[in-house]
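S.K.: The lines below spell out each chain.
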Amino acid sequence: MIHQSLLKHAGGRYLWWSLALLALCLALFVTQGDRQPPNGGTWQGYVLGTIGALLIVWLSLLGVRKRSYRSTMGSVQGWVSAHVYLGTVLLVVGTLHSAAQMNWNVHTLAYVLMCVVILSGLFGAYFYLAYPRLLSRNRAGATREELFAELFELDRQGQEMAGYCDPEVQSAVKSAIQRTMVGGGPLQQLLGRDASKMTGAGGATEHNQDQQPVIDLVGRRVPRADKASEAANLQALVTLLCRRQTILRRLREDIRLQGWLKVWLYVHVPLTVALLGALAVHILTTFFYW
Amino acid sequence: MAEHFRIAIIGSGPGGLSAGGRAAARDRESGASTPQHVLLEAYDLPAKTIQRYQLGKHVMAQPGYLDLRSDCRFEEGKREAILQSWSDDLEQLGVNVRYGCEVVGISGSKGEFRIDLARGEPLTAEHVVLAIGLEGNPRKLGVPGEDLARVQYHLEDPKAFSDETIVVVGAGDSAIENALGLAEQNKVIILNRRDEFSRAKEGNLMLVLSAISDPRREFSCLYGTSPKRVVETPNEAKPLLLTVETPEGEQDIACDRIIARLGAVPPRRFVEGIGIEFPNDKPTALPELSRQYESNVDGVYVVGSLAGYPLIKQAMNQGYDVVEFINGNDVEPADHPLLEYQFRALPYSRSVDDVIEMFQRRVPMFSELNALAFRELVIESNILVAYPDGELYKDAAAGVEELERSLAHLSPAPRTPRVIREGEVVFDVGEFGTSFFTIVDGEVRLEDPDTGLTNHLGRGQFFGELSLLSGRPRLERATAGPGCVLVETPRRTMLKLMNSNDEVRAGIDWMFVIRELQRSFAPHAAFKELGDIADRVTIRQYKAGDSVFSQGDSGECMYLVRSGAVKLLRRQGDREMLVAQVRSGELIGEMALMGDPIRRESAVAAVALEVIEIGRREFLELVDLGESKIEPLQQSVSRRVIENAVMAVRPETGSVVDFLMQEGLGEATNVLIIDADLCIGCDNCEKACAETHNGISRLDRESGPTFANVHIPVSCRHCEQPHCMKDCPPNAIHRSATGEVYIDDSCIGCGNCEANCPYDVIKMSYEAPGKPSLLSWLLFGRGTGPGEAEGFEPEPVAREKGKKAKKCDACVGVASGPACVTACPTGAALRIGPEQYIDLVGGRFS
Chain A
1 MIHQSLLKHA GGRYLWWSLA LLALCLALFV TQGDRQPPNG GTWQGYVLGT IGALLIVWLS
61 LLGVRKRSYR STMGSVQGWV SAHVYLGTVL LVVGTLHSAA QMNWNVHTLA YVLMCVVILS
121 GLFGAYFYLA YPRLLSRNRA GATREELFAE LFELDRQGQE MAGYCDPEVQ SAVKSAIQRT
181 MVGGGPLQQL LGRDASKMTG AGGATEHNQD QQPVIDLVGR RVPRADKASE AANLQALVTL
241 LCRRQTILRR LREDIRLQGW LKVWLYVHVP LTVALLGALA VHILTTFFYW
Chain B
1 MAEHFRIAII GSGPGGLSAG GRAAARDRES GASTPQHVLL EAYDLPAKTI QRYQLGKHVM
61 AQPGYLDLRS DCRFEEGKRE AILQSWSDDL EQLGVNVRYG CEVVGISGSK GEFRIDLARG
121 EPLTAEHVVL AIGLEGNPRK LGVPGEDLAR VQYHLEDPKA FSDETIVVVG AGDSAIENAL
181 GLAEQNKVII LNRRDEFSRA KEGNLMLVLS AISDPRREFS CLYGTSPKRV VETPNEAKPL
241 LLTVETPEGE QDIACDRIIA RLGAVPPRRF VEGIGIEFPN DKPTALPELS RQYESNVDGV
301 YVVGSLAGYP LIKQAMNQGY DVVEFINGND VEPADHPLLE YQFRALPYSR SVDDVIEMFQ
361 RRVPMFSELN ALAFRELVIE SNILVAYPDG ELYKDAAAGV EELERSLAHL SPAPRTPRVI
421 REGEVVFDVG EFGTSFFTIV DGEVRLEDPD TGLTNHLGRG QFFGELSLLS GRPRLERATA
481 GPGCVLVETP RRTMLKLMNS NDEVRAGIDW MFVIRELQRS FAPHAAFKEL GDIADRVTIR
541 QYKAGDSVFS QGDSGECMYL VRSGAVKLLR RQGDREMLVA QVRSGELIGE MALMGDPIRR
601 ESAVAAVALE VIEIGRREFL ELVDLGESKI EPLQQSVSRR VIENAVMAVR PETGSVVDFL
661 MQEGLGEATN VLIIDADLCI GCDNCEKACA ETHNGISRLD RESGPTFANV HIPVSCRHCE
721 QPHCMKDCPP NAIHRSATGE VYIDDSCIGC GNCEANCPYD VIKMSYEAPG KPSLLSWLLF
781 GRGTGPGEAE GFEPEPVARE KGKKAKKCDA CVGVASGPAC VTACPTGAAL RIGPEQYIDL
841 VGGRFS
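Protein sequences, first through last, are from chains A and B. The numbers in the numbering used here rise by one with no breaks, and the one at position 87 of the first sequence is 87. The numbers in the numbering used here rise by one with no breaks, and the one at position 167 of the second sequence is 167.
Next up, chain B with everything else stripped away, as it sits in the complex (with noise of 0.2 Å):
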């Protein structure tokens, strides 16, 4: 019979042993004799993600406000304390864990499931708590003799191995990394199943290819070969003999070891195989749950990452509020406080509840959302709220001040409420901000100021969806109406709960449509008949390097670019050349709706694009529902024809465009251009960005690429759709209404934007130690002199709280401008926008 527990909790992560030691304490409470839970670790140790942190790592307690409610202890420090602290608990609590317990399937429904573990006996379970993050389990070679004990699935520490013959299976980043630093002090061969690393990172490509073609160095790669079989090979000079396909047929390898860093296998199979459903295929997306964090499989529970929150608090609350809510307590969230301080303003005399409820109910595009994802949306949101001038908005205000006080000693500050007057700016034209306003009551007054057109918008409608979308500044004015209450949600909430939910995504990409053909054809267009065309025109996403059209085609459509930028490209004899970027907002292949139908240039993804693909027919429709957009339409026509001619017969214009575009200056809002031929190297630039920024450079002139004059030095670009925003567990990088891209204190350390910026701009640093004073230094030679120290050696206090991301902040908020430039001696360094690209050559060779 198979042992059988009230609640199996499958993971040890922050949200698993958190549950494990509220169950342990129920059952402490109930007086049973034997533990009615238990919590399965597939790893031989708890907190498998947070065990492979690097040693010393400082782990932060996000957010700051938010109270911590578990058995378990949690607050900031260094990883190995809190580790340690876990397992302590784990052991006093008297939590049943069992490590090394592979969970492999799910079975039954609530009540009687049965979970299969790769090894031993199936337990039975009445309820399942999946607290398994979304790391997954490394995946494994694939082919018999993958679990012998040679066979290792990560590396910790190269140096622990030496005179050994090692065998590195993979041609990913981590792979390469570990052969690398194996190959100081062993023979290493390295298995790629590919002719090339295609997947590595520039930097560790010329390492390992340098490396394979150094006669002096023990490191080999077998190309387009993969592993066969292990058998262990007790009695010979080598423990293992590993059997390869490789091109030329089979092969044996003897060796001592084998390193095989294959990534990981998401857990959606697994999570899937149980019957939970995902709400579509995205990678990304995310099981949907009720507010009692129960999937659509009746008894199992869902928290923690794979839930959708990836902090470790968070988690951690969820663990115990799940074991909780499965003994029948229904139990507030703990952050149930901060959807109070939120409310506090409303005019509603209502319970925090039954205002979400209401919220919910009068926007119909959030009314079948899970009231989980809808919960949580809310929390992530600024409210605001409108009233008229005078007492009200004065009580009102003093209200929201005075909580303010109260929770000032919070740091961060949990989010209160924003009170406006009637009548006040919501957001104005040229602005950026890329949040998304959903109106939950009242009215709000949408003006366009280039074609004068002014839409009325009530309870349940939306707006800011042009700027989420394609991450330009804001295209209109919105003014607050008359007792309007706004729920303004954050750009990556947004995107998180539009790739989970199809229906969001639907609706606002609707939306967008609509209002961006009203923009661009027919402002003054009923919206009921651009909702007839919106939905016959097609979104179409393209790769950057991906063609949208080709030169000598005949055209049938045109399109609005969504996001991004696209690079127009005509041929010439046998080169093409630059004649034009185009970048969100406006058309490409006009001409051939227009015109000649005959594509008279080629069009390029710049960067990722977007793109709104109109046909003939609908074009027809637009240019009849909008006579009066007509003339700008044609004139805009003609003056792209006379440019495109000009660049045309300018080619060098055109070869240093697209010479931006390549490094992906066609996704940038703001960047660092140094005229070559006005550098005269002094790195002033840099010292004045470490002056500014705590004794930290965050530019790198000298690295960069170069063309012509034009050299790029490493810098943020503040991009439109900023890379380094999309992953950030804290949400501690922000843009400012001006544009600046910049990171607040709230930042964990945890590195998610340094990997997820494409252009190296972002770097780990600890805090710089103070020096002398400039006087001090010029006159009697003390300390290093302005600029960043090389090599700094950060003090105690700094290194304790571990390296925290930096990036530019283009100086926001600093009166004189960025320090980059106006310290340059020479006037080389230029911070530009898109629209300088073409002036940036201009006079050079007219």
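So that you can see chain A by itself, here it is in the shape it has in the complex (with noise of 0.2 Å):
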């Protein structure tokens, strides 16, 4: 296999940095408490703050690698490996240099602003490592773009199909297919919702939740059609909606794993951000207790 897992770059080679880079500040850590109990005032302290706070630097850079374009300095995939296991330590270094001292001060505002960016970030790598799988799945090697031409298509002939129709299938086809919502707001987005609505019997809005009214609806007129023509077209109309039912999951499904790709870094980047301000804060009032 040459494509390689961004967990699996350079085979691990980051996950035993980390691993070996976490032993190394438990030590630390453990040999604290001669004279004062494990805090970020003993030198172990100080020597853990400064190593998570050259790692949040480190993991912030990667925005600027990611757009360096020309650089030399090894993969971005190789930067976003250790970006992954080192942000995960990360975690710890910091809780194991806080020791677990909290207080409504600057400094827990970092350590929580760092524990929000992390695991947003855990998310985020969830997302990037199991959702790409999904998506291609889902697309079966469409493009979004080709399933939307299809869907036009669908919806013109629909629509052709529907003007044969008695009055009441018309209307319920045609407002079926023109209040077809794919998308709508980010939690309808990432939800996957569906606020399809049509005009059912007798005039009236009804909801059209995954098209299944709409085809339930022209489904029951088959066996009731006048005339053998009419119902080879209602019949061909159910075919027609149900593979555009399929359509419309897909884009759904489609539109909402790639919300979940894109929205956690909403959360990530902000925070990281907020997060080096109150780290800048609370290194420059930790020189205050000295």
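These are computed hints drawn from the structure, not numbers from a lab. A hint or two may mislead.
Unchecked claim - Under the rule of at most 16 Å between Cα atoms (straight-line distance), these lysine to aspartate or glutamate pairs were calculated in the EDC-like manner:
#1 B:K282 - B:E503
#2 A:K66 - B:D683
#3 A:K262 - B:D683
#4 B:K803 - B:E793
#5 B:K629 - B:D574
#6 B:K57 - B:E218
To be verified - From chain B, some residues computed to sit far from chain A (all C-beta separations above 10 Å):
#7 S210
#8 L241
#9 R291
#10 R362
#11 L625
#12 P730
#13 L774
#14 A819
Cβ coordinates follow ideal geometry from the N, Cα and C atoms, glycine included.
Each of the two chains sits in its own frame; use the hints to bring them together as a complex.
M.R.: Here it is in structure tokens:
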């Protein structure tokens, strides 16, 4: 196999680096406690803090490396691999440095921000590792553009076929096509919710979730058709609506998965910037204790 | 009595109008009272081909190092400016030009040619200059009424017509594009002689079929239908009545206009009608000419692209020269100085013409070539001169350096010789290079590190044909021997020559077979014995998808793949699965001669394929000649048996490789493959590509086919024999020694490479405008950020320069490797070679 997941990059090199760093930090932590209990103020605490601060700065530099397209400093995949492993270890390093001393102050703020950033990063790592496979299975070789193109073609054909049906089916199918919702607000996208509507029997607006109501409505008409040609048209319409349902499901799933692949960054990146700020203040203020 | 002229020039393209300008100047000098020349043009404007360029197209003046020699002006600039200057020149110079004069035949001989015109009285002339180009005239309907004014053979602007009923005849891309353009505001009926649109591009096919099936559009198609006659009906509502022959019988269509797009009639038949001979039946063949551009028919001269010179400047220079030749002035061609530069480092004190003649005499294969073709070959070649290390070498190298300095202001600079040391490597094993070397002096050593075989080649012999014909990297190391002088001819020039000269083709083919047999079977056999066998083997060509042999057949021969790639398929139950891909230089069907004669697999050409077919008897003779090669041959057979068996029990791998083959990767050398199971769709690969290539991405991640988790984005595959290099007028596409195919700055934006690429990886684009820095985007949100700005607006300077061809260069020369690969955050994007196709899936399913 030529392609390697980012966790296995270079034979999992950065996993071993991270474990070594972890062992070092644990060793530092347990050697504390001669004159004062473990905290950020012992020399070990200072070393842990320095390691943590350097890690935070280096981890934030990924954003720059990713966009330095002529860089010869290793591949972006290597950086991401190291970013994931070292970022996870940072959770331990930071916690050891804090020695679980929490208060309502800027130090705790920095710690909390760091935890949220790392947690969002762990979610991100999960999405990056798990979702591409789901995405490609869901799209089954087509692109989103192609799915939309097929949907529009089905819409056109559906409208045309509905034109040959009785007024109730016609208005149900046409309204179902016109009022199909794909996407929507962020929450709708992320949850893959369907707010599609249609004009049902009697002209009332009804829910048309997952297109099932309109399929059922047309399906119910098939045995009651007056002429053979009408029944044939209705059957073809049901097939078309089912195909449309599949495409819509794929599109919603595609939008949902792509949404999760991106949305965590809206937490991860701004909070990283906030963390860098809080970290700077944290470091500055510690000098006043001296 | 027919009007008589001294010189009749046919065609007013660059070559013809330049000839006209010179002839008019000669008339003025001689003080003739009436013009002694005539310039005949079928169209109603000069330079039809250039008239048809899109509006505002920027026309280049390549090659930059060649001086213009013409009474007419020509410099790089807009189409309109060039056409304007030409029509001004024609008038000012007093050229006797006649538009709308289509020549339908030329008969007679030197001094009294009779020129028949489509309309009007025939003319007579003493000399004829053919400057008709290769475009040809549009193919007409071929039925009564084909010349009516409302029957058109081209369409400049579909928007010029509205609310009409228009019949479009033809089923090719231009017919479809015209029909779709017209259908916006007209009723369109498309007439297709066949039952489907088999010649159309995929995109056009989809558009036309959906337009036909769309009930809201007034767009219909008559299949299996051809026109029968057209008549004018001035008193009816519609001015034309077209009668067509449909499968159901005759039908009348009243319409306003007929637009026929039936391709062009190549000028060959017309040219042959004059008595000019072509060397063979190949569509690319060009007539043979003397150094003065005279054809085998005395008094008939050929210039421009029909003579094999596709560039405007070359054609104009020839137009000038040919009139001078006719007037008995044996001018030195405008490209004479180029040869002087190329010969600068040679150890001979002879004139340029003497050197050329000596070169040609010394190479038996070229000795029969006509002088003009050989001269052209040398002009397009590099000269390599070897000197012993020391004073001699230093002097020669310094001389060339000085020459290069004096020519540095020209862009691109003319070719200068390459001075090398005796014992220096000309090319090494594994280098990509498809040029062809001819030894005109001294000696060259060829070593094959695999077999340890060394051949010494001398004056008049050639080498490099293995890579030229197969597109494979070099298999040997070539070292310059004492006093060696080499002519290195680029692949394009060599192919042009082979297509127009059967002897050269046969000579190169024969040597290829001998060296291939020697390499594969009998490294120590003598050339003479191999030559006997080479005479008896057959070279076969197949199109992609053709069968070479089928499973279950009894085989009496084996095949050595000369170029292209083969799929070996094994039938299991009712499905066929791929068990191996075989590439150039390898054998197929050898098991039939070394074991069981029943074919265990079917062999199908994956791409265009050439094989050397070797019969049982020849094979046994080869085996006798090359005892030492038997053991490795047997080993490779047994390895193949095992590999094929492994593939057969792992159909997943086979089906992925089969998919790759179907997508044309059989001819790829370096292809971008995205693992869809790892790709997060961030497009950082595209952004990296744009950022490292002047703001324009050369890859389209999302488009392209996907099978299982293997996605092939639209991006250059650096084909073994690049289709894009086939027809590049300024020769701007090159292959680096490491295999990357790239376009240099001399691109003229003609779009040939874009049209020739079967994989749609070349795009024509303006230069992208500059962008604010990364930091000011990150911090202040200025500009569009990294990557190609979608639908960017080119700057006026870029617009002025025109669109140029853009393609992937696999980041040749970039230390960190291809940007698309190094920028991928998840490792989904990789560039791989064909030997890695199986590994692509190998581990995944095991």
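S.K.: Hint by hint, note whether the structure agrees.
M.R.: Hints versus structure:
no.	hint	in the structure
1	B:K282 - B:E503	holds (14 Å)
2	A:K66 - B:D683	holds (12 Å)
3	A:K262 - B:D683	holds (12 Å)
4	B:K803 - B:E793	holds (13 Å)
5	B:K629 - B:D574	violated (39 Å)
6	B:K57 - B:E218	violated (33 Å)
7	S210	violated (8 Å)
8	L241	holds (34 Å)
9	R291	holds (51 Å)
10	R362	holds (49 Å)
11	L625	holds (41 Å)
12	P730	holds (29 Å)
13	L774	violated (6 Å)
14	A819	violated (5 Å)
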